Amino acid sequence: MKKAAKFANIWFMINLVTDLFAIPFQKDAWHSFKDKWCKLDIRAKQIMIAILAVILPIIWLVGFIAALFVVNIRKTFVRKSD
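Residues in the sequence shown are numbered consecutively from 1, following the numbering used here.
What the hints contain is simulated information worked out from the structure, not anything from laboratory work.
Small disclaimer: the values here were computed from a predicted structure and weren't measured.
Where a beta carbon is used, it is the ideal one built from N, C-alpha and C, also for glycine.
Hints should not be assumed to be uniformly reliable.
Label pairs and their computed distance ranges (CB to CB) [as the list claims (entries may be wrong)]:
{"id": "1", "residue 1": "Lys45", "residue 2": "Lys3", "range": "36 to 44 angstroms"}
{"id": "2", "residue 1": "Ile55", "residue 2": "Ala5", "range": "17 to 25 angstroms"}
{"id": "3", "residue 1": "Leu52", "residue 2": "Asp28", "range": "16 to 24 angstroms"}
{"id": "4", "residue 1": "Asn72", "residue 2": "Lys39", "range": "43 to 51 angstroms"}
{"id": "5", "residue 1": "Val70", "residue 2": "Lys27", "range": "35 to 43 angstroms"}
{"id": "6", "residue 1": "Lys36", "residue 2": "Lys6", "range": "34 to 42 angstroms"}
{"id": "7", "residue 1": "Ile49", "residue 2": "Val71", "range": "27 to 35 angstroms"}
{"id": "8", "residue 1": "Val54", "residue 2": "Asp28", "range": "38 to 46 angstroms"}
Hey, can you work out the whole structure from these sequences and the hints?
Listed below in structure tokens is the structure:
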């Protein structure tokens with residue numbers, strides 16, 4: 001279980017880093033995002049943040065479930081020494 005949680009956390013961090021930090025490296029994309037964000041009203045910004053607050057835990061959950069399967073598959077192929 002600890003290995004699966006560690007794997008899921010690493011997978012989540014990779015997704016988070018690529019999503020959040022890839023935008024500033026693309027200058028046109030960053031300016032486009034900033035302009036569109038400034039044009040949104042406060043209600044639209046709250047909805048966007050709420051959607052992200054729901055999506056990010058779902059990404060972590062999918063990674064955790066995938067990690068559980070990976071850890072269980074590895075355990076079945078490891079030889080047990082008696």
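Check: Is the distance from the Cβ of Ile49 to the Cβ of Val71 consistent with 27 to 35 angstroms?
Finding: holds (33 angstroms)
Next item on the list: Check the following: the C-beta atoms of Asn72 and Lys39 are separated by a distance inside 43 to 51 angstroms.
Entry: Holds, since Asn72 and Lys39 (Cβ atoms, about 48 angstroms apart) stay within the stated range.
Item checked: Supplied distance hint 38 to 46 angstroms, evaluated on CB atoms of Val54 and Asp28 -> The hinted range 38 to 46 angstroms is violated for Val54 and Asp28, with Cβ atoms some 28 angstroms apart.
Note to self: Does the beta carbon distance between Lys36 and Lys6 stay inside 34 to 42 angstroms, or does it fall outside?
What the structure shows: Roughly 36 angstroms apart at Cβ, these two residues keep to the hinted range, so it holds.
Notebook entry, point to check: Range hint 36 to 44 angstroms: satisfied by the CB atoms of Lys45 and Lys3?
Noted result: holds (38 angstroms)
Note to self: Range first: 16 to 24 angstroms. Now tell me if the beta carbons of Leu52 and Asp28 are that far apart.
What the structure shows: Because 22 angstroms falls inside the window, the suggested range holds.
Notebook entry, point to check: Is 17 to 25 angstroms right for how far apart the beta carbons of Ile55 and Ala5 are?
Noted result: This hint holds: roughly 20 angstroms between Cβ atoms.
Notebook entry, point to check: So the hint says 35 to 43 angstroms: do the beta-carbon atoms of Val70 and Lys27 match that?
Noted result: holds (37 angstroms)
When held up to the earlier numbered hints, the structure conflicts with hint 8 and nothing else.
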